[in-house]
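A.B. asks: Heads up: the sequence lines are chains A and C, in that order. Residue numbers for the first sequence, in this note's numbering: 6 to 212. Residue numbers for the second sequence, in this note's numbering: 6 to 212.
Be aware that a few hints might be false.
Note that identical chains are pooled: a pair holds if it fits in a single copy or bridges any two copies.
[Said to hold, decoys possible] Lysine-lysine pairs mimicking BS3-like chemistry, simulated, CA-CA at most 27 Å apart:
1. K8 - K44
2. K204 - K135
3. K153 - K8
Rather than coming from a laboratory, the hints here were simulated on the basis of the structure. Predicted model, so just to flag it, every value in this text is computed and none were measured.
Number of protein chains: 2
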Amino acid sequence: MLKLYYSANSCSLASHIALEEAGADYEAVRLDFAEEDQKADAYLAINPKARVPSLVTDRGVLSETPALLLYIAQCHPNAALAPLDDPFALAQAQAFNNYLCSSAHVAHAHLRRGHRWADDEAAIAAMAAKVPQSVGECFDLINGTMIKGPWVLGDQYSICDPYLFTLTGWLPGDGIDRADLPNVDAHYQRMSERAAVQKVVAIHAGQ
Amino acid sequence: MLKLYYSANSCSLASHIALEEAGADYEAVRLDFAEEDQKADAYLAINPKARVPSLVTDRGVLSETPALLLYIAQCHPNAALAPLDDPFALAQAQAFNNYLCSSAHVAHAHLRRGHRWADDEAAIAAMAAKVPQSVGECFDLINGTMIKGPWVLGDQYSICDPYLFTLTGWLPGDGIDRADLPNVDAHYQRMSERAAVQKVVAIHAGQ
Numbered sequence: 006m007l008k009l010y011y012s013a014n015s016c017s018l019a020s021h022i023a024l025e026e027a028g029a030d031y032e033a034v035r036l037d038f039a040e041e042d043q044k045a046d047a048y049l050a051i052n053p054k055a056r057v058p059s060l061v062t063d064r065g066v067l068s069e070t071p072a073l074l075l076y077i078a079q080c081h082p083n084a085a086l087a088p089l090d091d092p093f094a095l096a097q098a099q100a101f102n103n104y105l106c107s108s109a110h111v112a113h114a115h116l117r118r119g120h121r122w123a124d125d126e127a128a129i130a131a132m133a134a135k136v137p138q139s140v141g142e143c144f145d146l147i148n149g150t151m152i153k154g155p156w157v158l159g160d161q162y163s164i165c166d167p168y169l170f171t172l173t174g175w176l177p178g179d180g181i182d183r184a185d186l187p188n189v190d191a192h193y194q195r196m197s198e199r200a201a202v203q204k205v206v207a208i209h210a211g212q
Numbered sequence: 006m007l008k009l010y011y012s013a014n015s016c017s018l019a020s021h022i023a024l025e026e027a028g029a030d031y032e033a034v035r036l037d038f039a040e041e042d043q044k045a046d047a048y049l050a051i052n053p054k055a056r057v058p059s060l061v062t063d064r065g066v067l068s069e070t071p072a073l074l075l076y077i078a079q080c081h082p083n084a085a086l087a088p089l090d091d092p093f094a095l096a097q098a099q100a101f102n103n104y105l106c107s108s109a110h111v112a113h114a115h116l117r118r119g120h121r122w123a124d125d126e127a128a129i130a131a132m133a134a135k136v137p138q139s140v141g142e143c144f145d146l147i148n149g150t151m152i153k154g155p156w157v158l159g160d161q162y163s164i165c166d167p168y169l170f171t172l173t174g175w176l177p178g179d180g181i182d183r184a185d186l187p188n189v190d191a192h193y194q195r196m197s198e199r200a201a202v203q204k205v206v207a208i209h210a211g212q
């Protein structure tokens, strides 16, 4: 059985939804970042990066959201969560997910994780101040050029969708109004109607 | 034929080396970032993110290094550049490459691309000042926990190796001495002995 370590509404939400969509046999273990659970020795032995998600498999531990999403799709081919037999289409999916992890998520992280990249309090505040612009530029690209509709890759729901849904959920905190991003907004609402999404969102909300 | 858009010694070096290792039929097109070639309309039509690498295929354009690397491996299976038939091993490879793009490269980018995340000059200087520490922490993890040796994934050379080689090449500019990272240093030297690496490094150096 797979075991997913997650923290509420972090990027681990994407893998959590994907496991649910895949019908995977899994257990989800919650970490409380406010209590710094991710820095406890027991967790560092699982993931020395002190981050989520971590996916414990019978062969070892995996980390990094795009890697987990592809792994979940490959292990549950009947769920058809990625274009596994088409290298070009798969590369498009991976490119989208990589843009989320290396650009959009990174821009967002400057809101509350500025200490990763500067020690000076004024610098950390300056980073937080630019988040509406930097995340906004990422989402303008996503909204304008990346979502094929109705799902990210077009007609086929995929591992790109829960990942985009996760980062879209952060936009209010980033000072961005989803209503200004019609394709992103429609995608978010479409996602919110899925049973798997509703189930996992409720778990993350502690319901 | 594939067409790779690159800039000298950027992260596009990784895909360039992978194409060469794969024996791919490709053309490489150099962009001069000092001339802001990446912001020209003609290039933005190829890649609206104004970044490299971009890989033009007969089905369209791909971007994002981890996506390109997997695509190159999948299209040239005889080169055996990724564990394509083993989802767990492939996820380990993808996790490594995703760590490079979303953590190590991002830490490095705060040296000269701080304007992405703050407008204030003092804040940008504070980010640059922390690069030796933030990149250093990433490479301590890479050195201590990620390189199986002799290659990143162990005995099998893969798409992880040119990517690590690329970021290792940035360490002197980041204020980090490779000699303090023995596994990383040995990997860099091993890579430097490969014919494909020597060929592409010379191209990037303008030789």
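A.B. asks: Against this structure, judge whether each hint is valid.
C.D. replies: Hints and how they fare:
{"no.": "1", "hint": "K8 - K44", "in the structure": "within (18 Å within a copy, 44 Å between copies)"}
{"no.": "2", "hint": "K204 - K135", "in the structure": "neither (34 Å within a copy, 41 Å between copies)"}
{"no.": "3", "hint": "K153 - K8", "in the structure": "between (32 Å within a copy, 24 Å between copies)"}
When each numbered hint is compared with the structure, a violation occurs for hint 2 only.
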